[in-house]
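J.: So you can see what is in the structure, the chains are spelled out below.
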Amino acid sequence: MDMKITDKIIEKHGLKIQEYNNIQKLLKRDPNFLELGIFSAMWNEHCSYKSSKIHLKKLPTKGKQVIQGPGENAGIIDIGDNDAIVFKIESHNHPSYIEPYQGAATGVGGILRDVFTMGARPIALLNSLHFGSPSHPKTKNLLNGVVSGIGGYGNCIGIPTVAGEIKFNDTYNENILVNAMAVGHAKKDKIFYSKAKGVNKAVVYVGSKTGRDGIHGASMASAEFDENSEEKKPTVQVGDPFTEKLLLEACLELMKDDSIIAIQDMGAAGLTSSSVEMASKGLLGIELDLDKVPCREENMTPYEMMLSESQERMLIILEDNKEESARKIFKKWDLDFVVIGKTTNSKNLTLKHNKEVVGEIPIEALASKAPLYDRKWKKKKLTKKNIELKKFKKLKIEDALIKILSSPNNSNKSWVTKQYDQMVMCDTVQRSGSDAAIIRIHNKDKAIAVTVDSSANYCKSDPITGGKQIVCENWRNLISVGAQPLAITNCLNFGNPENEEIMGEFAECLIGIKEACEFLNYPVVSGNVSFYNGTNKKNIYPTPVIGGVGLINTLSKPIDHNFKKINSIIILIGKTFGHLGQSCYLKENFKIEEGNPPEINLINEKNNGEAVLNLIHKNLVISAHDVSEGGLIVALSEMSIQSKIGVRIEKAKKLRNLTEFFFGEDQGRYVLEIDKKNLSKVEKILKNNDIFYENIGITQKTFFEIEGEVKIDTNDLFKKNNQWYNNF
Amino acid sequence: MRSSVIVFPGSNCDRDVAVALEKMQFKNQMVWHKETSLPKSDLIVIPGGFSYGDYLRSGAIAGKSLIVEEVIKAGKSGCLILGICNGFQILTETGLLKGTLLRNKNLKFINEDVNIKVMNNQTKFTSKYNLNQILKINIAHNEGNYFTDTKHLEKLKKDNLIAFKYCDENGSTNDQFNPNGALENIAGIFNEKKNILGMMPHPERMIDKVISNTDGVNLFSSLIN
Amino acid sequence: MVKQYQSNSKKNKLKYSVTVTLKKNVLDPQGKVVENTLKGKGMNNLKNIRQGKYFEIEVEEQDETKATQTINQMCEKLLVNLIIEDYKISKL
Amino acid sequence: MVKQYQSNSKKNKLKYSVTVTLKKNVLDPQGKVVENTLKGKGMNNLKNIRQGKYFEIEVEEQDETKATQTINQMCEKLLVNLIIEDYKISKL
Ligand SMILES: Nc1ncnc2c1ncn2[C@@H]1O[C@H](COP(=O)(O)OP(=O)(O)O)[C@@H](O)[C@H]1O
Ligand SMILES: [Mg+2]
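Protein chains in written order, with the working numbering: chain A, 1 to 728; chain B, 729 to 953; chain C, 954 to 1045; chain D, 1046 to 1137.
Just chain A, with the same shape it has in the complex (with noise of 0.2 Å):
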């Protein structure tokens, strides 16, 4: 009756023979074709964070602001006054490349799932897109699809999609990276958890009805893509954001009471990663029977159940005699709601169909007997070469930011955050757009400032200052909108980890990312890794995408880079060394990626942004902006371009190449716009800081100007950053 399992059949389901040995062992026998599969759901890379696991554990968790950090669905932090945030990024990058729509739209809903699970209403979403080449013939319907996909998800189910970022790189033709991030609110004496409690608790199912859709996505996530890969589209799941509303307000209101032990949604592996994640966390053991479960096709088969990623789904543990008033809840909604099981004592999993026991695998032998490797690594090697500039053919400042200011890159994307829902909810106090987008606490005088952040070609280059990079532009993204940056959730997606170089910049990576987090108290509380991001042993560059939340405690003055008024003083915080290694400069106009990335010194980093802080703290700054990408003239204009105020600039007094001064991308800086009648103030608190400024220039009417050098029109500048799309 049962299929013979085969080396074939172990193969396909992503297991190396060694790992079923180690099956065969843990079982004491054979397993079935049912156990394999919820085996190789358990243990396949996506769910068991076996090549990661012993390198996340190094990363700093904890702090007086954290909640929960890494372990649970999503992780959550203390904003005071009983208010917690709840917030994970997660990614969905293969889903993405196939479908695009609907791989984009289920990320979304998946992330959301992960928040909401948790108590809280989710309140914004943001997105870091990485897409191939725009010339690439691909390039153009995945991003259509992909944003379409985020909109539809987040405009239905109605929570605002505020922040992101989309990037082109050649690395990405072949494998998009789709990363969807969710932010909820929550009491914080009304959080739930995963863990199971109590024997003979009834386990319910509730949500949409399970189909035969995504039947091994977990596995597909973890396996490289290749010429096969058009195999793998019936995995394709189709979202539901209407069902997931529901969903979602249901949820919120059975939790008003305390009838949930445990809850968990159903992600990757749906009914078997969340049956045995509840159940190992409790030490339990969780019975189901297959014949209750909700089903959409006839015939479904145990195996089919236990692995479809069908979405909209949920899990949750019941205390006694809450039964009825909860099926009520779910009724009125108009989902399924069904006792499938029951918690028991005996640490095994089992799978009850026809009244007959189909699999019986100990919890432990899911969870925490999954494999765990220590995978080979290599450091990298970082390139000597310095960036001469005297090698490339001079270039006219002016022509050179034009580029950059209209490359896909660069360019403004108001064509895709209009297709997001930013407004509703009606608590968006900053859109997409700035530095950071500013969601207020409903009904409160506080706010949060929420942005994600990555730099693939800096962690290319050198993975360790890549890593720190990224933390530290996250932190800069929240200080520039006067947020106090309070902890981070990160997407790792890099290429296939059983190469010790991808390994290697795996590791690296996480040294950067933990050195930087623990200086500037930025602990990581939740996060994702995505492996075998590539094709036929092309990876793609490392790509750690950062996303960050900061805490406004008063909304009176929300701020951002928009120059505000004429004759206005602008300085410039940060020393200027006109780092030209990995720059934008040289990428866009001479199509090099060369060189080291720029340094971090996490000192400088930390006390520019404090002292930045305090001044928009004391209502000093009209505006402010970080100094990333592009240098300190792409910063400046990005300031110029919405707000169609110009700037005069100075020549830079010492002595000093004008290309490496304004297109160098040195770190830890940041642009303000003061009031003149606040400067002395403004540099007294500069001066007693010991932090390194210099005023730059001032605001002026009509024209981007350096003096000299740079004189355009601020219409025209808005016009050549904001056609590439529209002619996309």
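Do not take every clue at face value.
As the list claims (entries may be wrong) - Below, a list of computed lysine-lysine pairs in the DSS-like style, where the Cα atoms sit at most 27 Å apart:
#, chain 1, residue 1, chain 2, residue 2
1, C, Lys966, A, Lys292
2, A, Lys322, B, Lys762
3, D, Lys1092, C, Lys1019
4, D, Lys1058, C, Lys968
5, D, Lys1068, A, Lys138
6, B, Lys833, D, Lys1098
7, C, Lys966, D, Lys1069
8, D, Lys1069, C, Lys1044
9, D, Lys1086, C, Lys966
10, B, Lys937, A, Lys565
11, A, Lys444, B, Lys751
12, A, Lys332, D, Lys1084
13, C, Lys985, D, Lys1058
14, D, Lys1069, A, Lys12
15, D, Lys1098, C, Lys1000
16, D, Lys1098, B, Lys836
17, A, Lys381, A, Lys167
Derived from the structure by calculation, the hints contain no laboratory data.
Predicted model only: the values in this text are computed from it and were never measured.
Fit chains B, C and D with the ligands to the known structure of chain A by using the hints.
T.: Chains B, C and D with the ligands in isolation, oriented as in the chain A frame:
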């Protein structure tokens, strides 16, 4: 003044509009779609969102729900009804307002602040605005492309039943400033008796300076009188 | 036994398709964009596209007249916006 | 003369319908909600609804083989998402 906000599965601007109503001193009640009678109300609001996922046609399934039968009765007997975005779509599905809202001409969801012009301020909804006043209001929809037959369009114009039109900063209504392709830039219309208003822009998103602006306030304050 | 039951149950079901199209004078923005996109892709012999909806409906009913009656009801009650749309029912 | 010309031009055009449906095991959220709504309205003999798309396409072409070829191309290039949908072309 008492107001009722009808909540359908998939409504998602219900809380937003309730906040606005309460801020303007309405005594507001939320009414779940499965209810069969309406509380006494001077104003009924059908909020924005994606009722029933906007499946089939936006507003279609909600337009056939039980509570909407009550809304229709109330509307016919003169009760004030405001349909915003999905609410406008629902009102056209019920026939309380004529015409229909087709897909945006670019087939994309559009969220942005647009200028609209007050075309008639002699109504209960718009009396606090000046005629031709230009408001900056957020839109967020997939299907806001208003369409109706020529005969009805003539009637809308003749009887002054167009509430708002999309326009540029100076009030000129042209194709370039028509975000979704709506016929004659129409952003909102009244029924014949002018007790029912359907509009695509979201006035409830424009009541708070910290978030946006306060151009939506006068719509609610017109109603409270 | 089992077989007989199955064939019986099959007989009890009838399947129909319903196509819903926008009335002639109603603007079809979707169709227009699709048409332009295809023309942009070099499909020059394309004359005209109109987009509509399609439903496959199974009813538990033996009597065809009754079945089409039911389907007609579904169309008029919900599936079709008679002000702007026409529909056609066919047996599958 | 005029008549002849007209009939000629008519001959030059062919009209097809394309129905696009979701593949068998793919979730159809729309269909499901529509189905539940109709059942809620008392249509108890309704067994199942799946929703799809419908296109009416006119091409300027005399040769039927060529015409269906073109339409096939349109489907694969734009109208149909082959990963989750199937389609069928019929002559009208
Ligand atoms: N890069 C990372 N940094 C920190 N925590 C991580 C990282 N990757 C995964 N985690 C944590 O590991 C746990 C399992 O993650 P995941 O399998 O993605 O959860 P889920 O099943 O809810 O989608 C979560 O608590 C997550 O926050
Ligand atoms: Mg989860």
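J.: Run through the hints listed earlier and report the numbers of any the structure violates, in increasing order.
T.: Of the numbered hints given earlier, the structure breaks just one, which is hint 4.
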